[in-house]
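Asker: Protein chains in written order, with the numbering used here: chain A, 1 to 324; chain B, 1 to 259; chain C, 1 to 279.
Please note that a few of the clues may not be correct.
Pulled a few chain A residues facing chain C out of the computed Cβ check, cut under 10 Å [stated by the list, open to error]:
1) A78
2) L128
3) S213
4) G262
5) A297
6) L298
Here are the simulated EDC-like cross-link-like pairs (lysine to aspartate or glutamate), alpha carbons at most 20 Å apart as the crow flies [what the hints assert, rightly or not]:
7) A:K55 / A:E238
8) A:K31 / A:E60
9) A:K271 / C:E77
10) A:K276 / A:E259
11) B:K110 / A:E60
12) C:K55 / A:E205
13) A:K216 / A:D301
14) A:K239 / A:D56
15) A:K303 / B:D215
16) A:K239 / A:E306
17) A:K312 / A:D288
18) A:K271 / C:D71
19) A:K312 / A:E238
20) A:K255 / A:E135
21) A:K303 / A:D112
22) A:K129 / A:E205
23) A:K165 / A:E135
24) A:K303 / A:D288
25) B:K221 / A:E238
26) A:K51 / A:D293
27) C:K145 / A:D288
28) A:K137 / A:D112
29) A:K51 / A:D310
30) A:K96 / B:D215
For the record, the hints were derived by calculation from the structure and aren't laboratory data. Each residue gets a CB set at the ideal place from its N, CA and C atoms; glycine is no exception.
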Amino acid sequence: MTLTRRRFTAAAAAGAALPLLATRAHAQAVKLRVSTIPIIDTAGMQVALAKGFFKDEGLEIDTTPTAGGAAGLPALAAGQVQIAFSNIISTVLAEKQNLGFQIISGGSATSDAPPDLAGLVTKPGAGLKTGKDFEGKSIAVNTRNNIIWLYARAWVKKTGGDPDKVTYLEVPFPQMIDAVRGGRGDAAFVVEPFFSAGRAANAVELVAWPYNSTQKRIPVAQFVASKAFIAANAGTIEKFVRAYNKGVDWMNANKGSDEWAGIIAGYTRLKPEQIKSIGLPLFDKTVDPKGIDETVALMRDHKMIEGPVDTKAMLYKTAVTAVK
Amino acid sequence: MIDRLARGAAERAPGAALILALLAAIEAAVRAGAVNVALVPAPTRIAERLGEIIASGAFAAPLAATLWLLFSAYFAASALAVGLGLLMGRYRAVDNLFEPLIELLRPLPKPALLPPLILFLGLGAPMKLVIVGLAVFFPVVINTVQGVRGVDPVLIDTARTFGHGQRNILLKVILPSALPFILAGMRVSLALGLILAVIAEMLAGTGGLGYLVLDMQRSFKVTDMYAWLVLLAVLGYALNAGFNRVERRAAHWALAQPT
Amino acid sequence: MAEGAPAIPGAADRLPGNGGAGAALRRFMSGRASGVLLIVVLLALWQISAEHWVKSENWPPLTAVGQAFLDGMRSGELPAVFGSSLYRMGIGFAIGAALAVVVGLLMATVRLVHRTLEPLVELLRPIPIPAIVPPLILLLGLDDKLKIFIVAFSTFFPVLVNTVQGVRAIDPVPLAVARTFRHSRARTLVRVVLPASLPYILAGLRISLALALIVTVVAEMIAGSAGIGYYIVTMQYAMRAPDMYAAVFVLAAIGYALNRAFLAAERRLLHWYRTDRSA
Numbered sequence: 001m002t003l004t005r006r007r008f009t010a011a012a013a014a015g016a017a018l019p020l021l022a023t024r025a026h027a028q029a030v031k032l033r034v035s036t037i038p039i040i041d042t043a044g045m046q047v048a049l050a051k052g053f054f055k056d057e058g059l060e061i062d063t064t065p066t067a068g069g070a071a072g073l074p075a076l077a078a079g080q081v082q083i084a085f086s087n088i089i090s091t092v093l094a095e096k097q098n099l100g101f102q103i104i105s106g107g108s109a110t111s112d113a114p115p116d117l118a119g120l121v122t123k124p125g126a127g128l129k130t131g132k133d134f135e136g137k138s139i140a141v142n143t144r145n146n147i148i149w150l151y152a153r154a155w156v157k158k159t160g161g162d163p164d165k166v167t168y169l170e171v172p173f174p175q176m177i178d179a180v181r182g183g184r185g186d187a188a189f190v191v192e193p194f195f196s197a198g199r200a201a202n203a204v205e206l207v208a209w210p211y212n213s214t215q216k217r218i219p220v221a222q223f224v225a226s227k228a229f230i231a232a233n234a235g236t237i238e239k240f241v242r243a244y245n246k247g248v249d250w251m252n253a254n255k256g257s258d259e260w261a262g263i264i265a266g267y268t269r270l271k272p273e274q275i276k277s278i279g280l281p282l283f284d285k286t287v288d289p290k291g292i293d294e295t296v297a298l299m300r301d302h303k304m305i306e307g308p309v310d311t312k313a314m315l316y317k318t319a320v321t322a323v324k
Numbered sequence: 001m002i003d004r005l006a007r008g009a010a011e012r013a014p015g016a017a018l019i020l021a022l023l024a025a026i027e028a029a030v031r032a033g034a035v036n037v038a039l040v041p042a043p044t045r046i047a048e049r050l051g052e053i054i055a056s057g058a059f060a061a062p063l064a065a066t067l068w069l070l071f072s073a074y075f076a077a078s079a080l081a082v083g084l085g086l087l088m089g090r091y092r093a094v095d096n097l098f099e100p101l102i103e104l105l106r107p108l109p110k111p112a113l114l115p116p117l118i119l120f121l122g123l124g125a126p127m128k129l130v131i132v133g134l135a136v137f138f139p140v141v142i143n144t145v146q147g148v149r150g151v152d153p154v155l156i157d158t159a160r161t162f163g164h165g166q167r168n169i170l171l172k173v174i175l176p177s178a179l180p181f182i183l184a185g186m187r188v189s190l191a192l193g194l195i196l197a198v199i200a201e202m203l204a205g206t207g208g209l210g211y212l213v214l215d216m217q218r219s220f221k222v223t224d225m226y227a228w229l230v231l232l233a234v235l236g237y238a239l240n241a242g243f244n245r246v247e248r249r250a251a252h253w254a255l256a257q258p259t
Numbered sequence: 001m002a003e004g005a006p007a008i009p010g011a012a013d014r015l016p017g018n019g020g021a022g023a024a025l026r027r028f029m030s031g032r033a034s035g036v037l038l039i040v041v042l043l044a045l046w047q048i049s050a051e052h053w054v055k056s057e058n059w060p061p062l063t064a065v066g067q068a069f070l071d072g073m074r075s076g077e078l079p080a081v082f083g084s085s086l087y088r089m090g091i092g093f094a095i096g097a098a099l100a101v102v103v104g105l106l107m108a109t110v111r112l113v114h115r116t117l118e119p120l121v122e123l124l125r126p127i128p129i130p131a132i133v134p135p136l137i138l139l140l141g142l143d144d145k146l147k148i149f150i151v152a153f154s155t156f157f158p159v160l161v162n163t164v165q166g167v168r169a170i171d172p173v174p175l176a177v178a179r180t181f182r183h184s185r186a187r188t189l190v191r192v193v194l195p196a197s198l199p200y201i202l203a204g205l206r207i208s209l210a211l212a213l214i215v216t217v218v219a220e221m222i223a224g225s226a227g228i229g230y231y232i233v234t235m236q237y238a239m240r241a242p243d244m245y246a247a248v249f250v251l252a253a254i255g256y257a258l259n260r261a262f263l264a265a266e267r268r269l270l271h272w273y274r275t276d277r278s279a
């Protein structure tokens with residue numbers, strides 16, 4: 001939270017009209033504003049920040065955390081931030097509306113095999129095992145028309161059920177375990193750390209892994225920038241992605257170490273012991289267009305979009321070939 | 001009747017002119033490319049979409065959902081608030097008991113109360129009614145208390161001299177006198193209630209205008225989002241106009257009460 | 001009649017022999033004792049239920065909340081977070097309130113202004129804040145500008161409504177007298193209308209103040225990045241409910257303190273106003 005305190009002091013001095021936090025004086029440093037979410041998925045960038053990889057590339061990063069992802073892309077479209085961390089569903093939807101974004105980096109992905117960063121849970125002993133069992137029942141998702149909802153439906157379909165016969169309750173993640181335990185919902189497709197905490201407390205039991213049983217290594221979220229900005233600042237983008245990739249490398253090499261846990265705890269506010277024991281996303285330096293294609297196909301199946309999506313055009317070169 | 005309509009139209013003319021001028025300015029800005037059309041669509045496009053929504057009747061179910069949530073919470077919470085407010089304004093002991101709690105709860109933003117609310121009330125109607133009801137409750141209770149305190153003590157003394165019991169004094173003397181204040185509070189609460197109903201729909205939604213606005217935003221269907229937003233604004237306008245009418249009637253009645 | 005009528009000084013204050021701060025404090029304490037007791041009982045219920053009946057991450061024992069509060073204060077994080085929110089709120093409130101009083105006075109005294117602005121005001125008033133956040137982000141970004149605007153926007157309307165109704169409630173005689181001196185319209189506004197409608201304006205300000213705090217927090221919850229709202233949401237998602245509730249308690253305390261402070265200031269101003277008037 002150092003950035004918060006620093007920003008507060010600077011703002012207090014500056015008065016009502018608040019420019020970007022830009023008081024550090026590197027004459028050559030390029031300033032970038034990046035909209036992020038304080039979740040584990042952005043750990044690569046946070047590590048790169050903490051270890052000074054961005055500074056090494058001559059970049060000064062001002063992160064603007066938003067509690068949910070919904071505020072990032074509009075800010076990107078308006079040019080208020082230059083780079084935004086966005087989930088793939090939102091990015092595809094934005095592409096459909098021709099908002100002119102491109103994915104510039106790899107990001108977080110789900111697993112190839114169990115375990116995963118989110119799971120489907122029910123009350124212990126509920127006896128619901130397949131999609132067919134869930135017909136007429138309810139599954140808690142955090143919001144409808146997003147990735148959790150989509151893959152819950154995909155799983156129901158894959159395991160022999162009709163996804164339209166299942167009710168999807170909108171419940172914020174922190175309340176999902178309560179909802180299932182209290183019998184308000186029959187099941188929840190819940191992310192970490194609530195997933196592990198719920199199981200550890202024996203409040204819920206695992207039923208399935210909707211993510212990796214439907215699609216391996218789903219490219220869940222990546223960094224996105226506008227085509228116009230990329231065209232005008234190709235060099236800067238490359239530097240950003242290079243520093244980010246270094247962060248990812250470090251992370252993968254140091255997973256489980258105290259320093260690693262400390263950095264993640266710093267911006268997510270999770271407790272370090274917790275971080276070491278929960279299911280983590282995979283961190284990739286590139287995005288496989290085939291992975292996006294599969295997700296897009298699902299989106300089409302479940303009526304989120306119509307018509308084709310040019311996934312290759314959505315990826316800028318830095319997201320396809322890892323920048324060294 | 002025509003005369004009244006004509007006068008009404010003339011009344012509204014400058015206001016309507018201002019709104020139209022603003023819309024025209026936005027339209028011009030969009031056409032000239034001065035704003036990003038992906039995020040600020042042309043008002044004419046929004047109007048088109050709005051027309052489609054109305055013509056197809058798609059607005060009916062969400063509108064009904066929002067109205068049901070709003071009115072249920074509004075009337076229940078207002079009744080509670082007026083009742084409690086009358087007692088608090090009249091009897092110091094009741095005021096002493098509840099005022100600290102009320103003052104402590106009032107500044108809490110309702111989304112901050114979601115975790116315990118969902119935990120204890122679940123996800124259905126009761127939880128949403130409580131969120132909206134809480135927003136409605138406070139302005140009304142505070143205003144009622146103020147209104148009761150502002151009642152001329154002479155009126156109360158006179159009523160007592162005539163041998164009226166506490167209940168009669170409360171209902172026949174104090175309530176009518178405090179009515180203007182109560183109504184002012186209920187006016188604020190109506191607006192607040194609508195806002196909270198929309199927030200409740202966005203946070204724990206299952207249909208309703210607020211839910212749709214958010215859903216359209218998330219899918220980047222910006223034109224649709226604005227169309228539903230306009231419906232929401234018109235609803236608010238209509239509610240306020242309706243309230244004015246009711247208030248005028250009630251004021252008549254209050255003034256007509258024998259004092 | 002205005003929403004939230006002026007604070008009427010307790011009649012007891014006027015009786016002889018009831019002066020002095022010590023006496024007032026004693027009266028306050030014995031007066032509000034039952035209310036405080038109620039709160040204490042509810043808190044005890046919370047603690048007991050969290051320890052014995054309710055098993056949930058989202059219902060921690062009060063003792064854990066207390067510990068989180070102490071940790072937050074000691075590390076300086078809670079004060080910093082609250083300071084930043086109050087700063088944003090203060091600016092938004094001042095801007096919104098000042099604009100509202102000016103516009104309100106104009107609307108209430110100049111018929112044409114009223115007819116022109118009223119439909120627009122009535123159309124904008126009920127729009128819920130979360131719904132206008134995306135277009136506002138487009139115009140104002142994710143920074144303090146956005147939050148300040150949102151606070152000003154929501155402060156504006158209650159104060160405006162109260163100002164208008166406050167002016168309308170003025171005894172028409174002094175207004176009529178002032179109107180005959182048409183050339184000093186501005187003077188009329190400042191010297192007669194403004195002071196006369198002060199009780200209602202102040203009541204509107206008090207309501208808006210509470211609203212401003214809530215709106216600040218909600219705006220921060222949605223468009224993140226600093227302040228109480230963001231802290232509350234982040235703590236929730238980090239499964240640190242005690243920290244979240246600690247912040248909620250501080251929020252309640254601050255709201256209470258702000259309201260009390262405002263009431264005291266209001267009483268001061270109105271006391272002057274009343275004595276001035278009755279002279």
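Asker: If a hint holds in the structure, say so; if it does not, say that too.
Answerer: Each hint, compared with the structure:
1. A78: holds (4 Å)
2. L128: violated (22 Å)
3. S213: violated (26 Å)
4. G262: This hint is violated: G262 of chain A lies away from chain C, its Cβ roughly 14 Å from the closest one there, beyond 10 Å.
5. A297: Where the cut-off is 10 Å and the nearest Cβ of chain C is about 28 Å from A297 of chain A, the hint is violated.
6. L298: violated (26 Å)
7. A:K55 / A:E238: Satisfied, since the Cα-Cα distance of roughly 14 Å is no more than 20 Å.
8. A:K31 / A:E60: holds (5 Å)
9. A:K271 / C:E77: With Cα atoms ~16 Å apart, K271 of chain A and E77 of chain C stay inside 20 Å; holds.
10. A:K276 / A:E259: Satisfied, since the Cα-Cα distance of roughly 11 Å is no more than 20 Å.
11. B:K110 / A:E60: violated (37 Å)
12. C:K55 / A:E205: holds (16 Å)
13. A:K216 / A:D301: Holds. K216 of chain A to D301 of chain A sits at ~18 Å (cutoff 20 Å).
14. A:K239 / A:D56: holds (9 Å)
15. A:K303 / B:D215: Answer holds: K303 of chain A to D215 of chain B is near 14 Å, not above 20 Å.
16. A:K239 / A:E306: violated (36 Å)
17. A:K312 / A:D288: holds (9 Å)
18. A:K271 / C:D71: Judged against 20 Å, a Cα distance of about 14 Å means the pair holds.
19. A:K312 / A:E238: holds (18 Å)
20. A:K255 / A:E135: violated (40 Å)
21. A:K303 / A:D112: Not satisfied, since the Cα-Cα distance of roughly 26 Å exceeds 20 Å.
22. A:K129 / A:E205: The hint holds at about 11 Å.
23. A:K165 / A:E135: holds (5 Å)
24. A:K303 / A:D288: Violated, at roughly 23 Å.
25. B:K221 / A:E238: violated (31 Å)
26. A:K51 / A:D293: Not satisfied, since the Cα-Cα distance of roughly 34 Å exceeds 20 Å.
27. C:K145 / A:D288: With a Cα-Cα distance of about 39 Å, the restraint between K145 of chain C and D288 of chain A is violated, given a limit of 20 Å.
28. A:K137 / A:D112: Between K137 of chain A and D112 of chain A the Cα gap is close to 28 Å, so the pair fails against 20 Å, i.e. violated.
29. A:K51 / A:D310: violated (36 Å)
30. A:K96 / B:D215: At roughly 15 Å apart (the allowed maximum being 20 Å), D215 of chain B and K96 of chain A satisfy the hint.
When each numbered hint is compared with the structure, violations occur for hints 2, 3, 4, 5, 6, 11, 16, 20, 21, 24, 25, 26, 27, 28, 29.
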